[in-house]
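Novice: Build out the structure end to end from the sequences listed, making use of the hints.
Number of protein chains: 2
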Amino acid sequence: MTVTAFAPAHITGFFSTIFDHDPVKAGSVGCGLCLEAGVMARVTTSTTGSGALIRLNGEPKDLPTVTYVVESLPGTRHSGLVIDLTADVPLGYGFGVSGAAALATALAVNTDPGQGLTMEQVAVVAHCADVVNRTGMGDVAGQFTGGLVIRIVAGAPGVGVVEKVPVDNMEVSWVCLGEISTSLVLDDKKNMERINILGQRALKAMLKRPGVEHFMSLSRDFAFETGLVSPGVADAIEAVEASGGMASMAMLGDTVFALGDGSALMEFGPVGSSRIGTTGAHIL
Amino acid sequence: MTVTAFAPAHITGFFSTIFDHDPVKAGSVGCGLCLEAGVMARVTTSTTGSGALIRLNGEPKDLPTVTYVVESLPGTRHSGLVIDLTADVPLGYGFGVSGAAALATALAVNTDPGQGLTMEQVAVVAHCADVVNRTGMGDVAGQFTGGLVIRIVAGAPGVGVVEKVPVDNMEVSWVCLGEISTSLVLDDKKNMERINILGQRALKAMLKRPGVEHFMSLSRDFAFETGLVSPGVADAIEAVEASGGMASMAMLGDTVFALGDGSALMEFGPVGSSRIGTTGAHIL
Numbered sequence: 190m191t192v193t194a195f196a197p198a199h200i201t202g203f204f205s206t207i208f209d210h211d212p213v214k215a216g217s218v219g220c221g222l223c224l225e226a227g228v229m230a231r232v233t234t235s236t237t238g239s240g241a242l243i244r245l246n247g248e249p250k251d252l253p254t255v256t257y258v259v260e261s262l263p264g265t266r267h268s269g270l271v272i273d274l275t276a277d278v279p280l281g282y283g284f285g286v287s288g289a290a291a292l293a294t295a296l297a298v299n300t301d302p303g304q305g306l307t308m309e310q311v312a313v314v315a316h317c318a319d320v321v322n323r324t325g326m327g328d329v330a331g332q333f334t335g336g337l338v339i340r341i342v343a344g345a346p347g348v349g350v351v352e353k354v355p356v357d358n359m360e361v362s363w364v365c366l367g368e369i370s371t372s373l374v375l376d377d378k379k380n381m382e383r384i385n386i387l388g389q390r391a392l393k394a395m396l397k398r399p400g401v402e403h404f405m406s407l408s409r410d411f412a413f414e415t416g417l418v419s420p421g422v423a424d425a426i427e428a429v430e431a432s433g434g435m436a437s438m439a440m441l442g443d444t445v446f447a448l449g450d451g452s453a454l455m456e457f458g459p460v461g462s463s464r465i466g467t468t469g470a471h472i473l
Numbered sequence: 190m191t192v193t194a195f196a197p198a199h200i201t202g203f204f205s206t207i208f209d210h211d212p213v214k215a216g217s218v219g220c221g222l223c224l225e226a227g228v229m230a231r232v233t234t235s236t237t238g239s240g241a242l243i244r245l246n247g248e249p250k251d252l253p254t255v256t257y258v259v260e261s262l263p264g265t266r267h268s269g270l271v272i273d274l275t276a277d278v279p280l281g282y283g284f285g286v287s288g289a290a291a292l293a294t295a296l297a298v299n300t301d302p303g304q305g306l307t308m309e310q311v312a313v314v315a316h317c318a319d320v321v322n323r324t325g326m327g328d329v330a331g332q333f334t335g336g337l338v339i340r341i342v343a344g345a346p347g348v349g350v351v352e353k354v355p356v357d358n359m360e361v362s363w364v365c366l367g368e369i370s371t372s373l374v375l376d377d378k379k380n381m382e383r384i385n386i387l388g389q390r391a392l393k394a395m396l397k398r399p400g401v402e403h404f405m406s407l408s409r410d411f412a413f414e415t416g417l418v419s420p421g422v423a424d425a426i427e428a429v430e431a432s433g434g435m436a437s438m439a440m441l442g443d444t445v446f447a448l449g450d451g452s453a454l455m456e457f458g459p460v461g462s463s464r465i466g467t468t469g470a471h472i473l
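Going down the list, the protein sequences come from chains A and B.
Counting from 190, one number per residue, gives the positions in the first sequence under our numbering.
Counting from 190, one number per residue, gives the positions in the second sequence under our numbering.
Some hints here could point you the wrong way.
When chains are identical, the list treats them as one kind, so a pair holds in a single copy or across two.
[Said to hold, decoys possible] Taking lysine to any residue and the SDA-like style, the derived pairs with C-alpha atoms no more than 25 Å apart in a straight line are: (1) K397 x S261; (2) K397 x V356; (3) K393 x L262; (4) K214 x V348; (5) K397 x I472; (6) K397 x G305; (7) K379 x T234; (8) K397 x N385.
Hints listed in this document are in silico derivations from the structure and should not be mistaken for laboratory results.
Specialist: The structure is reproduced here in structure tokens:
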């Protein structure tokens, strides 16, 4: 039996981490943008064999969030699974690929008849996979919802609280300059204190006037004020602004994203693009 | 400026009403199915003129839920509005058209720049429109989410709690036998007591084993045990079952819906059909 599910890429603009011993309630508040680009999980279940083979874009890959999902969901332990993930965006550059891979896998595995979990219940497992592995704190909540998502109360889908900002499916472009390890940033306790204060301030401002351009400008200020921007990221953001556009940094990747076709980004490397995806993760 | 938004039709299978003086928290718990069929609202705003002209499928129509939305949302009072609604399903037959019209209108009106409300905030207004006019108690919560939706905590989107049941976009068919006034049923206090007990019982069972076929059988038992089925509805449900299918009654309309192509319904009248719509209300 083969089932395919999709979860969108999610670019966080600003965030503030929320600590809780229970990973279901832990995570982050903040705001991020889902894309039509994302991760597709094609899961084949066989009654013979055991364990899971995970491939990302055709290559075997150790993805801790996907392993966590496979080990946590009922009904997957006594059958062999082949999980073929296709990602439109790179891993480690701030697109929430770890969370999207976990969420798409969880949704695909769950359509196996008789498991009897709701979509929120399986999304909880994907959220915990992301949080426990310190690969993402709020991506799954955004990806489950779709669109431009404000995360007001941290936690897994159905537990945390989100609000969707009305938004056209306009084009978003990006250039990836380097990888950032989310867990290394989270482990820097002193810097995180400052990040959390700035993230809460941006959230408050966003809730007063929700809109995509306001999201971009709050994200930009957050990126600079937290000191998370690298010199390369700062250059690329300023190049977009010099051409009259809006850009910021994908949290957490050494990646710049911009509204529109991103022509001003081309001097910095290969430009990727996608429309904003207003639909949350779903079974195909 | 013209903006178009869509909200899916929503067929409630079983429900239990929840009373609250605050319409935001009032509504119903239960379970219902969203369709790809629904209501499209095309809203044209002009800076001259005032008031709102509401048309349903080309004809001027007094729709209290839409009027409520227009009068409640900020920024609509000082401009002229033309609201053209196109419904794929009939009003008054248990498809949640009152709620869908209110929700699609609210989303379309809200894209007017500068209003600055999230999608949940405008959906709250549509939910209140439905509840206050006693045209529906939980349709908007289902329609905002899309798919097969269990409403666990009553109330408007962002306030009530829902869970989505994983479901293919299979075909659903229906035959409409007559109209039912939702408010007349709600006003029958004694019968509502019994309905509410049976609705809570079905909800509990659904949560233990969420799935589309379980939804159909719980809905069917609810329809008969509450006594809401008319003789015509009972005949049509039994005809579908005799052909090996599953059917129940759309709450609250004198309408039978069935999984599949509904060939067994054809002897009872013109058969409509749609796939299950897994996407919630959205701007087009």
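Novice: Are the CA atoms of K214 and V348 at most 25 Å apart within a copy, between copies, both, or neither?
Specialist: both (7 Å within a copy, 18 Å between copies)
Novice: Checking an output row: K397 and N385, CA cutoff 25 Å. Within, between, both or neither?
Specialist: within (19 Å within a copy, 39 Å between copies)
Novice: I want to check one pair: K397 and I472. Are their C-alpha atoms no more than 25 Å apart within a copy, between two copies, both, or neither?
Specialist: Answer is between; shortest inter-copy Cα gap is 21 Å, intra-copy 34 Å.
Novice: Could you figure out if K397 and G305 sit no more than 25 Å apart (CA to CA) within one copy, between two copies, both or neither?
Specialist: Intra 40 Å, inter 8 Å, cutoff 25 Å: inter-copy only.
Novice: Which holds for K397 with S261 at a C-alpha limit of 25 Å: within a copy, between copies, both or neither?
Specialist: between (39 Å within a copy, 19 Å between copies)
Novice: For K397 vs V356, is the C-alpha pair at or below 25 Å within one copy, between two copies, both, or neither?
Specialist: within (16 Å within a copy, 36 Å between copies)
Novice: How do K379 and T234 come out at 25 Å by Cα distance, when the copy is not named: within, between, both, or neither?
Specialist: For K379 and T234, the Cα distance exceeds 25 Å both inside one copy (45 Å) and across copies (51 Å).
Novice: Given a CA cutoff of 25 Å, do K393 and L262 count as a within-copy pair, a between-copy pair, both, or neither?
Specialist: Intra 36 Å, inter 22 Å, cutoff 25 Å: inter-copy only.
Going down the numbered hints, you'll see the structure goes against just number 7.
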